[in-house]
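Undergrad: Chain by chain, the residues:
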Amino acid sequence: MTAVTDRPRHALPAVRHSVRATTTPAKLRLLLIGLVSLCLIWGVVAAWVVSQRASGANDVASTSETLSLDGQQIYRALSDADATAASAFLSGGLEPINGPPRYQADIALAAAHLESATAAAGHSAAAADLARLSAGLPVYTGEIQTARADNRLGYPLGAAYLREASNLMRGTLLPAARNISAEANVRLAGASGRATGLPLPLVLLVAAAIVGFALYCAQRWLFRRTHRRLNTGLVVASVAGLVSLLWLGIALGVARADLLQARTHGSTPVAALAQADIAALRARADESLTLIDAQGDDSFQADFVTVQHRLGPGPGTLLTDAVMAARGSPAADLAGVAAATATTWYGVHRTVRSLDDNGKHNQAILLVTGPGPGHSGTLFTRLDGSLFRAIAADQTVFQRHATAGSNAFIGLEVGVIVLALIMAAGCARGLTTRLAEYR
Amino acid sequence: MLLVVAAMTAWVVPGSAAVTTRAYLFPPAVARSTPPCDRTHSSLRPAGPPRVTPGSFMAKIRAHHRLIAGVSEYTYPFGFFNPLDGRVEGFEIDIVHAIAKAIFGNPNKVEFKAISDAQRIPEVQSGAVDIVAHTMTILCDRLKSVDFSTVYFHAGAQVLVLKNSPVKSLADLRGKKVCATTLSDSLGYIKTAHAIPVPVTNFTDCLMLLQQDDVAAISTDDNILAGLQAQDPWTKIVGKVFSSEPYGLAISKMHPDFVRFVNAVLQQMRTDGQWAADYRRWVGTRVPAPPPAKYKA
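So the protein sequences, as listed, match chains A and B. Take the first sequence: its position 267, counted from the start at 1, is 267 in our numbering, and no numbers get skipped. Take the second sequence: its position 22, counted from the start at 1, is 22 in our numbering, and no numbers get skipped.
It is worth saying that the hints were derived from the structure and are not from the lab. Just so we're clear, the structure is a prediction, and the values are computed from it rather than from any experiment. Among the hints, erroneous ones may be present.
[Unchecked claim] Derived lysine-lysine pairs resembling DSSO-like cross-links, with alpha carbons at most 30 Å apart:
hint, chain 1, residue 1, chain 2, residue 2
1, A, Lys360, B, Lys296
2, B, Lys236, B, Lys294
3, B, Lys177, B, Lys101
4, B, Lys60, A, Lys360
5, A, Lys360, B, Lys253
6, B, Lys101, A, Lys360
7, B, Lys253, B, Lys296
Take these sequences, add in the hints, and give me the full structure.
TA: The structure is reproduced here in structure tokens:
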């Protein structure tokens with residue numbers, strides 16, 4: 001045993017000697033092949049990382065966010081159309097002066113967003129939901145038109161069509177629109193992760209360290225062997241490597257900062273505000289339907305209360321979450337207005353219910369559909385309008401940062417490839433000059 | 001079996017509400033589940049003209065400042081929500097107004113609560129409504145749960161189809177989908193005829209399904225079918241009347257004084273011509289004699 005440990009240390013190099021190049025030219029040749037390969041591998045790795053980041057950033061800025069926003073807009077427009085149709089029916093006699101135009105504008109808006117979403121969705125998971133919407137929307141509008149025609153004749157059949165249409169809306173179309181946004185938000189989170197996550201830059205850093213260390217060792221070894229201070233080729237390769245590293249660092253850093261900004265002050269508050277808006281729209285439709293409902297049960301009022309608890313404001317509710325998410329963004333004030341308005345609205349809604357429960361149906365209807373400042377409809381319009389403008393404000397922030405973030409990658413992929421080729425060429429040139437000295 | 005019943009009850013021609021001089025044979029769907037009872041001699045005799053006595057249920061209604069009536073908002077022209085003026089109107093609604101007038105001296109002191117067919121008995125039993133005026137047939141089964149007024153309208157079941165349909169009676173609808181409201185006695189007849197019953201909430205839902213070609217026919221009382229036909233002229237009523245449906249106002253068994261009071265109001269309406277005026281306004285210009293009041297022995 002002791003014999004093994006006491007074996008002379010020079011015995012080991014003797015073994016390695018047989019596999020390593022023994023002469024300086026042979027070593028130079030080996031070094032040439034190694035360095036050129038390393039530079040090329042570096043180029044491939046850097047370009048791959050850049051392409052991953054750039055496609056993530058691009059996906060964030062264009063596809064996912066577009067789809068998510070389209071889904072939200074479709075939901076908004078359809079929900080408003082349904083609430084408008086329901087309250088137009090409620091008013092009896094003449095429809096409210098802005099009833100039909102508002103309904104038609106909603107349907108047109110929904111159709112436009114449906115088209116752009118279908119273009120953006122491609123074969124993603126949202127495609128099935130979009131198909132369901134495309135098929136259901138004409139059925140819905142057909143039923144609403146039949147309801148209006150029957151109402152004009154004074155027949156109760158209109159109310160049956162209205163309820164059927166509303167069931168289609170709430171049971172099929174609105175859930176599909178909500179799915180589109182949800183799908184797109186999952187995709188957005190994925191793309192955002194690819195564009196800002198830390199593992200990819202780490203890969204880059206490790207690769208850069210390996211290449212840099214190899215270049216450094218090669219130059220030190222050459223200096224000791226040949227006693228020449230500088231090897232032009234290797235110096236050029238080192239400089240090109242440094243330039244590409246610097247460019248990568250700045251571009252990735254800038255893009256990451258921009259995309260994180262876009263997320264914190266853009267897509268996160270937008271998603272929270274949109275969720276609150278969707279809940280508010282649902283509660284408003286419930287409010288109208290409680291007054292039409294001839295089932296005699298309280299299902300719409302029960303749904304209103306459920307949605308109200310979810311919407312808030314209050315700890316853990318959608319509105320409070322949205323206010324928190326919007327803090328520091330342009331939407332902050334508007335989100336605050338929305339939260340305050342919601343509380344006032346609930347108060348008026350309680351009055352509506354107590355009027356209706358005490359046989360004052362017509363006064364209840366007036367309070368829901370009337371245009372006065374303290375009326376439920378006015379308050380809801382302020383709530384919905386604040387949320388809508390808040391979404392638009394933070395959406396602008398998102399677009400600005402997301403575009404800046406994806407612009408940081410312009411030219412980078414080609415740049416790192418060209419620089420890697422320069423590095424490889426520099427190494428080749430520097431080492432072949434030395435090799436030539438041995439011929 | 002059904003044809004026999006149809007033949008036996010065929011003499012109840014639509015609109016001839018006056019022909020109520022003897023007890024009806026029960027349609028099989030109902031007769032099987034209930035012992036025979038006298039449906040038309042089931043109500044309580046009024047003590048005289050309608051009078052609100054202290055301590056009576058009418059006095060309690062007065063104290064609440066309004067009569068609460070469970071009605072349909074979808075049964076044109078008996079009880080329906082008129083979208084043009086935003087009010088509940090109809091033949092039965094006017095009867096409720098007459099009762100309110102007898103209690104308050106003001107026919108408009110009424111709260112109309114829209115309920116579905118299935119809710120009629122529970123709403124009366126729970127006291128959520130004071131009275132139900134909702135095309136409700138007096139049935140022996142129902143007499144166990146609630147009290148009825150005297151008969152104010154006499155209907156009979158028929159079939160409504162699209163104008164281009166070859167169907168001539170319920171017998172032609174074997175294996176086809178036929179619509180009626182949930183828990184209505186019409187559903188029983190549809191099952192008996194071996195058609196596929198499609199239960200919905202209101203009869204307007206049936207008309208919608210018929211218009212969308214989801215059902216082959218609607219089967220219920222002739223007066224309700226006539227109301228549906230008025231809303232869609234591309235429909236027709238076919239076949240003979242195959243059941244007897246005496247309508248009564250449903251009142252809780254807790255308030256026999258109110259049953260007597262309502263019967264007194266109905267008797268007034270029969271004699272002073274208001275029933276006939278009501279009929280002419282809502283049902284048709286060929287006004288029959290009102291169904292005579294019949295009381296328990």
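Undergrad: Hint by hint, say whether it matches the structure.
TA: Results of checking the hints against the structure:
no.: 1; hint: Lys360(A) with Lys296(B); verdict: violated (38 Å)
no.: 2; hint: Lys236(B) with Lys294(B); verdict: violated (34 Å)
no.: 3; hint: Lys177(B) with Lys101(B); verdict: violated (44 Å)
no.: 4; hint: Lys60(B) with Lys360(A); verdict: holds (20 Å)
no.: 5; hint: Lys360(A) with Lys253(B); verdict: holds (28 Å)
no.: 6; hint: Lys101(B) with Lys360(A); verdict: holds (19 Å)
no.: 7; hint: Lys253(B) with Lys296(B); verdict: holds (15 Å)
Hints 1, 2 and 3 from the list above are not met by this structure, while the remaining hints are.
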